[in-house]
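Now for the letters of each chain:
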Amino acid sequence: MAGGQERELRRRIRTVESTQKITRAFELIAASQIVRAQSRIAGARPYVQGMQRVLATTAAEATGATRLLGTPERPASALLLLVVADRGLCGGYNLMALRTAERLMSAGEAEGRAYQLVTVGRKGAGYFRFRHREVRRAFTHMTDRPSFADARAVAGEVVPPFLSGEVDLVELVSWRFRSAGSQVLSTEQVLPLPASSAPAAAPAGGGFYDFEPAPEELLELLVPQYAEAVVYQALLEASASEHTARQRAMSAATENAEELIKTLRRVMNRVRQDAVTTEIMEIVGGAEALRHGAREPVAAENDIEERSA
Amino acid sequence: MATPLKVEIVTPERVLLSTEAEEVSMRTDAGEIAFLARHEDFIGAADITVVRISGAVQGGDADARRDLAAAVHGGFVHVDQDANQVRILAGVAELGEEVDVARARRALAEAEAASAAGEPSPGAEAGATSGGARRGAALALLEAGSPAAAARRARVRLEAAGAREPAG
Numbered sequence: 000m001a002g003g004q005e006r007e008l009r010r011r012i013r014t015v016e017s018t019q020k021i022t023r024a025f026e027l028i029a030a031s032q033i034v035r036a037q038s039r040i041a042g043a044r045p046y047v048q049g050m051q052r053v054l055a056t057t058a059a060e061a062t063g064a065t066r067l068l069g070t071p072e073r074p075a076s077a078l079l080l081l082v083v084a085d086r087g088l089c090g091g092y093n094l095m096a097l098r099t100a101e102r103l104m105s106a107g108e109a110e111g112r113a114y115q116l117v118t119v120g121r122k123g124a125g126y127f128r129f130r131h132r133e134v135r136r137a138f139t140h141m142t143d144r145p146s147f148a149d150a151r152a153v154a155g156e157v158v159p160p161f162l163s164g165e166v167d168l169v170e171l172v173s174w175r176f177r178s179a180g181s182q183v184l185s186t187e188q189v190l191p192l193p194a195s196s197a198p199a200a201a202p203a204g205g206g207f208y209d210f211e212p213a214p215e216e217l218l219e220l221l222v223p224q225y226a227e228a229v230v231y232q233a234l235l236e237a238s239a240s241e242h243t244a245r246q247r248a249m250s251a252a253t254e255n256a257e258e259l260i261k262t263l264r265r266v267m268n269r270v271r272q273d274a275v276t277t278e279i280m281e282i283v284g285g286a287e288a289l290r291h292g293a294r295e296p297v298a299a300e301n302d303i304e305e306r307s308a
Numbered sequence: 000m001a002t003p004l005k006v007e008i009v010t011p012e013r014v015l016l017s018t019e020a021e022e023v024s025m026r027t028d029a030g031e032i033a034f035l036a037r038h039e040d041f042i043g044a045a046d047i048t049v050v051r052i053s054g055a056v057q058g059g060d061a062d063a064r065r066d067l068a069a070a071v072h073g074g075f076v077h078v079d080q081d082a083n084q085v086r087i088l089a090g091v092a093e094l095g096e097e098v099d100v101a102r103a104r105r106a107l108a109e110a111e112a113a114s115a116a117g118e119p120s121p122g123a124e125a126g127a128t129s130g131g132a133r134r135g136a137a138l139a140l141l142e143a144g145s146p147a148a149a150a151r152r153a154r155v156r157l158e159a160a161g162a163r164e165p166a167g
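As given, the protein sequences belong to chains S and B, one line each in that order. Counting from 1, position 142 in the first sequence corresponds to residue 141 in numbering that gives the first Met the number 0; the numbering is continuous, with no gaps. Counting from 1, position 87 in the second sequence corresponds to residue 86 in numbering that gives the first Met the number 0; the numbering is continuous, with no gaps.
Bear in mind the hints are in silico, worked out from the structure with no lab data behind them. These figures come from a predicted structure and were not determined experimentally. All residues carry an ideal CB built from backbone N, CA and C; glycine is no exception. Any given hint might turn out to be false.
[Said to hold, decoys possible] Here are a few chain B residues that face chain S, going by a calculated C-beta distance under 10 angstroms: (1) Val14; (2) Leu35; (3) Phe41; (4) Arg86.
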């Protein structure tokens with residue numbers, strides 16, 4: 000009875016220990032990925048900044064191409080690009096992004112705006128398909144280590160509908176990586192290029208630029224490639240945020256397991272102590288009985304005879 | 000040279016090249032163009048082109064100048080007169096010395112065969128199977144698309160590598 004309880008506890012401790020091994024392994028993997036993901040973000044920065052400057056300078060000169068810049072007042076249709084993870088075990092990372100995307104779409108649809116959805120990450124496609132929302136295109140297997148080729152593939156899905164006039168607005172919901180300690184879920188406008196991305200960095204020295212081709216034409220070439228850079232950066236930041244979230248979640252899980260093991264051990268030790276105490280009591284009791292029996296063998300024999308009678 | 004021109008080739012993944020040089024020449028959508036030091040402000044769309052950099056300074060040693068070439072597969076060139084800098088922004092670019100010549104030759108042959116047969120380039124599949132997986136993905140981008148474009152990209156890569164086109 001008591002031994003059974005102890006065995007049961009021992010089994011539970013072993014289970015928690017093996018779970019802890021797994022969570023610790025995940026934690027270490029995520030931690031090593033964070034550093035790499037961060038260096039990739041840093042590596043992409045010169046390109047994105049360079050494109051921003053080219054774009055700002057060109058947009059300042061281009062007067063005709065209004066559809067590519069600014070925010071449409073009443074967009075009739077929009078496309079949402081959502082970046083989440085392929086896997087869970089990363090705390091609220093996926094769910095918060097999914098909820099935000101869902102809220103954004105239902106708010107838009109309440110205003111009569113039709114939304115199309117493109118997702119990156121298996122969790123996104125699964126979530127929305129389960130809720131019977133059509134997913135225009137679902138990309139998977141790229142958030143662990145996004146490459147520029149991945150970004151190009153994603154941009155190739157969201158930019159053409161805008162350029163062809165199929166949608167008036169392209170939005171992006173993804174996690175932004177501010178620092179190792181801070182990631183924020185953000186909703187931003189990708190296309191048309193928000194006014195804030197254009198005239199922010201006015202070139203020094205007045206800027207009497209030569210353009211080749213003319214600014215308006217150049218802008219049409221620039222926008223798709225700039226969108227690729229924006230998507231690339233978003234993928235990289237989402238990836239770094241995902242690894243950070245996973246590391247944090249797994250570190251908490253490892254700690255919880257440690258707590259649980261400690262509590263279970265305490266209970267188990269008490270149970271074992273009880274069992275030992277009981278056993279000793281029994282032995283002592285038995286020994287005592289035997290000693291009495293040795294002194295008064297006749298009485299003991301009488302006892303037995305009485306019982307069997 | 001008194002005021003060496005700063006040259007950068009920047010790709011999304013990294014700064015491919017950052018050096019000082021005497022002259023940079025390349026092709027934009029509007030034709031051939033060359034930049035010397037103190038070139039005036041300029042923004043242009045880069046073609047699929049070989050970028051030639053003359054008199055590049057290597058490793059801070061001003062006497063060790065040499066000429067470099069890079070294959071740039073479309074992008075933008077930004078010249079900033081105040082900074083005396085030419086910055087080339089390209090989605091995909093390679094230094095001549097890093098080009099996989101055998102692979103580029105194969106891509107060219109495939110693209111030419113495909114264009115003769117009037118089919119889309121088979122380069123994308125070929126790219127996925129050979130070489131390192133990540134590099135393969137980036138190069139597959141170059142080999143996909145219409146055969147004519149694929150052939151042009153392959154030629155630019157070979158030219159940047161300083162390799163001769165296969166006969167025929």
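Status of the hints after comparison with the structure:
1. Val14: It holds, given that the least Cβ distance between B/Val14 and chain S is near 5 angstroms, below 10 angstroms.
2. Leu35: Check failed: Cβ of B/Leu35 comes no nearer than 15 angstroms to chain S, outside 10 angstroms.
3. Phe41: Hint on B/Phe41: holds, closest Cβ of chain S at ~5 angstroms, below 10 angstroms.
4. Arg86: holds (6 angstroms)
Against the hints set out earlier in the document, a violation occurs for number 2 only.
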